[in-house]
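Student: Following the hints, complete the assembly by docking chain B onto the known chain A.
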Amino acid sequence: MSVEELTPRGEGQAHRTSYDDATRARLAADAAQIVARYPQERSALLPMLHLVQAEDGYVSPRGIAFCAQTLGLTTAEVSAVATFYTQYKRHPNGEYTVGVCINTLCAVMGGDAIWEHLCDHTGVGHDETTPDGKVTLERVECNAACDYAPVVMVNWEFLDNQTPESAAAVVDALRAGEKVVPTRGAAEVVPFKEMSRVLAGFLDGRADEGVGAGEPTLRGTVLAHEQGWTAPPFPGEEPPRAASSRAKAPARGAGTPRTGDVQSSAERPVTTAADSSSEQREKKQASSDAKEQ
Amino acid sequence: MATTLAPVLSDHWDADRSWTLATYEDHGGYRGLRRALGMPAADVVTAVKDSGLRGRGGAGFPTGMKWGFLPAPDGGPRYLVVNADESEPGTCKDIPLMMASPQHLIEGVIITSFAIGCHHAFIYVRGEVVHVYRRLLRAVEEAYAAGYLGKNILGSGYDLEVTVHAGAGAYICGEETALLDSLEGLRGQPRLKPPFPAVAGLYARPTVVNNVESIASVPGILVGGADWFKQMGTERSTGHGLFSLSGHVTRPGQYEAPLGITLRELLEMAGGIREGHELKFWTPGGSSTPLFTAEHLDVPLDYESVGAAGSMLGTRALQIFDETTSVVRAVTRWTEFYKHESCGKCTPCREGTFWLAQILQRLERGQGTTEDIDLLLDLCDNILGRAFCALGDGATSPVTSAIQYFREEFEAGTHTPADVLFPPERSSLFDYTPRRSPAALAGVHA
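Chains A and B, in that order, are what the protein sequence lines are. Throughout the first sequence, residue numbering follows the numbering used here, covering 1 to 293 in sequence. Throughout the second sequence, residue numbering follows the numbering used here, covering 294 to 739 in sequence.
Isolated chain A (complex conformation) (with noise of 0.2 Å):
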């Protein structure tokens, strides 16, 4: 099946079915960089996933079809993969997405108060975006900041301990077309086109840009060099790395271990009489055996 004889979907609105001569050799090219990364050329649909996204700001029709065809795919095995990740986006997205961390943790330090604050500010909700096309709301699961809780995702960069007040004045500067710089990443967050396109493997420059790390992530670190606690030192590296005023008691782990307790991720404590039944007991054995590697 030829691209062009793809029809257009959607609700009062038409796809563009087809790419022009020069992007689609600038995308070609593009892609050939991504399928030369992996031994076998399948690997590179999720990161072309990616690049569509930057050329179109979601996964297209015309964009399935050029990973299909790129790929040597159906169309129907190219959507079968993008359906199934949450960061392909089925219709065109905003220029910036803002997340709202709405996984427990967050969602009780008010991750729940920034999301209805939003909601409310911005008159749109899940998966909608502002009718200006600047600005796409999301409720999204845990990004791995959980010290740094409530936490808002804008174009996946973090920006860290969120109240309602501060994460509707960041909609209103990307809504205005100001910068906003995140907590923790680039000098300032990038339109969703550009952050696709690293996603996609391609370095945008910005890598050094933005701290190391924030202050709850440096705790640990911060306390032991000021107690001067510090690893074992390395066999023949005495006093331990680096300064001096850090040596003190080498760190051990406390409690003695208990053995013969297999841990498995099919143990709980009894709750139900069902548990308690052997028959029971070594089914469910069986099945912790089978997955356990």
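Don't read these hints as lab results, they were simulated from the structure. Every residue, glycine too, gets a C-beta built ideally from N, C-alpha and C. Hints may contain errors.
What the hints assert, rightly or not - Quick list of simulated restraints, FRET-style, between CB atoms:
(1) A:LEU203 to B:HIS320: 22 to 28 Å
(2) A:LYS179 to B:ALA365: 54 to 60 Å
(3) A:ALA25 to B:HIS412: 30 to 36 Å
(4) A:ALA25 to B:GLN660: 58 to 64 Å
Tutor: Chain B in isolation, oriented as in the chain A frame:
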């Protein structure tokens, strides 16, 4: 004396431009690689086996033993795949490690690849952390330029290519076989085991899949030796680990300590529970590990002790909640997460998480029935041990453990909404006036 911190991976995170190769080398980086390249590969495997290092990604399987499972070389390719898809709720150690010191991981990748006879390694990082991806790509560039990667590394005759791959948003890709499918350009769904990845992994070739922190711990073992590593931790849970404190704690953050430290000791370092409040419940290793309460403050945080106390060490993601927090609300939200992230491959998990969420949502609204607690437990019994992978098992952990310790809160869910019993504004870190019931928000996202 009480256990103290033992910064190894985190020791130079506070250095100027900590993420650069120059800073890493200034702090002793790449000595482990030089030592490894002068040894027979089998001796590197032995050193890691002898250290007792166990997987830091949650399961705790001995790392060196995993490497040892690879079949004898047959002339075809063998792969190392680093699992950098850190997504377990509460877990926040690998992402800051790769942001602050990506070279630690790269050096570990090179040593491990050398040890297992791999010439093309992959780092699969979740796609939702664009700056961490930048740092990793740049770290690999720097390593190539310095001769640590590419052909004839440091004149040893050993060659290695590294590809850093960004995912696209799917918790299930943290499961190692789902990760491999995803890396092959497929939907990320777990594979039937056996065959295990050691036999038929990436592209059906022998493959080692290890967590970021496991691999980053390897250079230190090469420099210091197995006995150095074993000076830290307990007999069967050796070495250092990152403990991530979050939630209602005065100074949340990363605390690198020997395994076997207790929450009581960590809380003392972190300034305790936030002022005027007390500990109610916590997770020792992410939301997939059964909850603990204040009675577990002195459980040594090592694999054996946490297991014996009824939970799992997991990823040492210590999410801490005080007495203002509704356990029903917390568990409902985690369950919605598992429902959202269930890949759909197996029925117990796909359907079971959906049903769990429905029941929990009505309990959170105060509209549960008297049968709902038994129904939840019955559902859990039909998921646990029957799901295709550990995601389904993990989904039951918060539910069953919360009912075990806080049954009365679930019983209250038959008549009183959780946000009446536990007004959410008391739990949040700032003052605000809730406009809607949190129960009304439940299930908003597909």
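Student: Each hint should be assessed against the structure and marked as holding or not.
Tutor: Against the structure, the hints come out as follows:
no.: 1; hint: A:LEU203 to B:HIS320: 22 to 28 Å; result: holds, 24 Å
no.: 2; hint: A:LYS179 to B:ALA365: 54 to 60 Å; result: holds, 57 Å
no.: 3; hint: A:ALA25 to B:HIS412: 30 to 36 Å; result: holds, 33 Å
no.: 4; hint: A:ALA25 to B:GLN660: 58 to 64 Å; result: holds, 60 Å
Going down the numbered hints, you'll see the structure goes against none, and every one checks out.
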